[in-house]
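Chains as they are written, first to last, in the working numbering: chain A, 1 to 248; chain B, 1 to 263.
A few of these clues could be false.
As the list claims (entries may be wrong) - Between beta-carbon pairs, the in silico distance windows are:
| id | chain 1 | residue 1 | chain 2 | residue 2 | range |
| --- | --- | --- | --- | --- | --- |
| 1 | A | ALA24 | B | TRP123 | 33 to 39 Å |
| 2 | A | MET169 | B | LYS118 | 43 to 49 Å |
| 3 | A | ILE234 | B | THR239 | 19 to 25 Å |
| 4 | A | GLU247 | B | GLN3 | 21 to 27 Å |
| 5 | B | GLY56 | A | ALA139 | 51 to 57 Å |
| 6 | A | ILE234 | B | SER128 | 38 to 44 Å |
| 7 | B | SER66 | A | TYR5 | 27 to 33 Å |
| 8 | B | GLU114 | A | LYS160 | 23 to 29 Å |
| 9 | A | LYS160 | B | GLN3 | 33 to 39 Å |
| 10 | B | GLY27 | A | ILE234 | 48 to 54 Å |
| 11 | B | PRO165 | A | ILE234 | 52 to 58 Å |
Worth flagging that the hints you see were computed from the coordinates, not collected in a lab. Think of the CB as a built atom: it goes at the ideal place given N, C-alpha and C, for glycine as much as any other residue.
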Amino acid sequence: MKVIYILWLRELKRYVRSKAQIIASLGQPLLYLLVLGFGLSPIFRKAGGGSYLQFVAPGVIAMTVLFSATFSGIAILWDRQFGFLKETLIAPVPRVQIMIGRTAGAATVAMLQGTLFALACLLVGFRPASWLAIPAGFAFLALIAAVFAAFGTTVGSSLKDMQGFQMVMNFLVMPLFFLSGALYPLDNLPKALAAVTRVDPLTYGIDGLRSTLIAQSHFSASLDAAVLIVLALILTGVGAWRFSKIEA
Amino acid sequence: MIQVRNLTKKFGDLTAVDDVSFEVASGEIFAFLGPNGAGKTTTIKMLTTLLSATSGTLTVDGLDPSKDATAVRQRIGIVFQDPSLDQELTARENMELHGVLYHVPRKLRRERTETLLKGFELWDRRDSFVKEFSGGMRRRLEIARGLLHTPRILFLDEPTLGLDPQSRNQLWTHVRLLNQSEGVTVFLTTHYMDEAERVAGRIAVIDHGKIVATGSPAELKSRTGKESLEEAFLALTGTAIREESVGAADRMRQMARMWRGRR
């Protein structure tokens, strides 16, 4: 338990100390929120969808968590690069503890980043349907963070070096975001796209966030939560297995 | 302390370590010398549980590294060729993290951290980030960290690579001091023959995966009839330059240069 805690703490310390990084990584989602939120609002309203800012904010909050969690997980590559990974791999502790400490740290960092961005959304004019739904919203943030931190750990343990990193960004993370329904409603989609959105785990995260924050959902919050929990468990298992295979 | 008998390690067709046998006594400073690609690091990796042997037996403090990996890891300290500190943490935080990973109780952890950082002249900088440290300071911190859990054996794989003569001198002074005060056995590799001559009680020269000579620096010199250990080393291993392929680590380093500052 102490081992898990100290590695979790390390991720947190690194996060809190990189203030420039924290601000910088709020830039991209803010751009999405402001440009799309205000830019598409008139036409979205005309089509009867209400405020697009309200609609897109949970999607962009989820995006922040997705990016932050995946990157923190993949940071295994940086640790391998700068050598610190080795220090943990040769320690007389089970690998799974190290993996869990790291992944929990990555998920916590992603949640903090997501919360920070949610506050930014409030400043811009986003209002949740009910303030009482905030705790449930946090629960969904945590689930999204857990799923993608474990995903990042899995990917980071499987890649040998930095070359693979761009590939992961272009062929995994960006599609996960665009195919998730973060930017558009899931109703009446073309069949192919509808099918793809259903296999994207982020879809369920965003649907869960929307159902709690703006009381709109395509599936149901309980189905969303169930999918995410099962996936988080599976990915943690796979991540632990991949992590145990890293050669020091 | 270390017994190695008929140790062999093959990577596919390549025999990196070929029927090697040697022993290191408790409290000894033992140097493992050889040209690049001779099998030094491969042997260290097998002794430190990171690789398993193809054949042969080895024991470290009476334990088999391939069977009792966790127990062996608890008993050894390792300083690698490449740095392995967390640069975004302070010196003390690096020590603290290591102490927890090696199950050193809190009180002892604090005491040893203080003693070791003072010993390695880093106590004044204990709360500075490692990224602000010079190469010599980082090396000293790594060795201090490797000793935190009071290992029986300290493995040093080319610890002075890239350090200036002052830092090298200081580092070896500390290592010898610790060898005397804590009785820790030291297993080291280096390319600097003068260091080996100064520090090591006994030397094994390895080339092409085989041990070509063992003995004290004086014995090696008299056996080859040479004045210095460097000449003796060249007489034993020849003057041909060894080609080494560029490893994944080097490629990573190049990529990191491009990415630096992103995180």
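Hint check:
{"no.": "1", "hint": "A:ALA24 / B:TRP123: 33 to 39 Å", "in the structure": "holds, 35 Å"}
{"no.": "2", "hint": "A:MET169 / B:LYS118: 43 to 49 Å", "in the structure": "holds, 46 Å"}
{"no.": "3", "hint": "A:ILE234 / B:THR239: 19 to 25 Å", "in the structure": "violated, 58 Å"}
{"no.": "4", "hint": "A:GLU247 / B:GLN3: 21 to 27 Å", "in the structure": "holds, 25 Å"}
{"no.": "5", "hint": "B:GLY56 / A:ALA139: 51 to 57 Å", "in the structure": "holds, 55 Å"}
{"no.": "6", "hint": "A:ILE234 / B:SER128: 38 to 44 Å", "in the structure": "holds, 42 Å"}
{"no.": "7", "hint": "B:SER66 / A:TYR5: 27 to 33 Å", "in the structure": "holds, 30 Å"}
{"no.": "8", "hint": "B:GLU114 / A:LYS160: 23 to 29 Å", "in the structure": "violated, 39 Å"}
{"no.": "9", "hint": "A:LYS160 / B:GLN3: 33 to 39 Å", "in the structure": "holds, 35 Å"}
{"no.": "10", "hint": "B:GLY27 / A:ILE234: 48 to 54 Å", "in the structure": "holds, 51 Å"}
{"no.": "11", "hint": "B:PRO165 / A:ILE234: 52 to 58 Å", "in the structure": "holds, 55 Å"}
Hint compliance for this structure: hints 3 and 8 are broken, all remaining hints hold.
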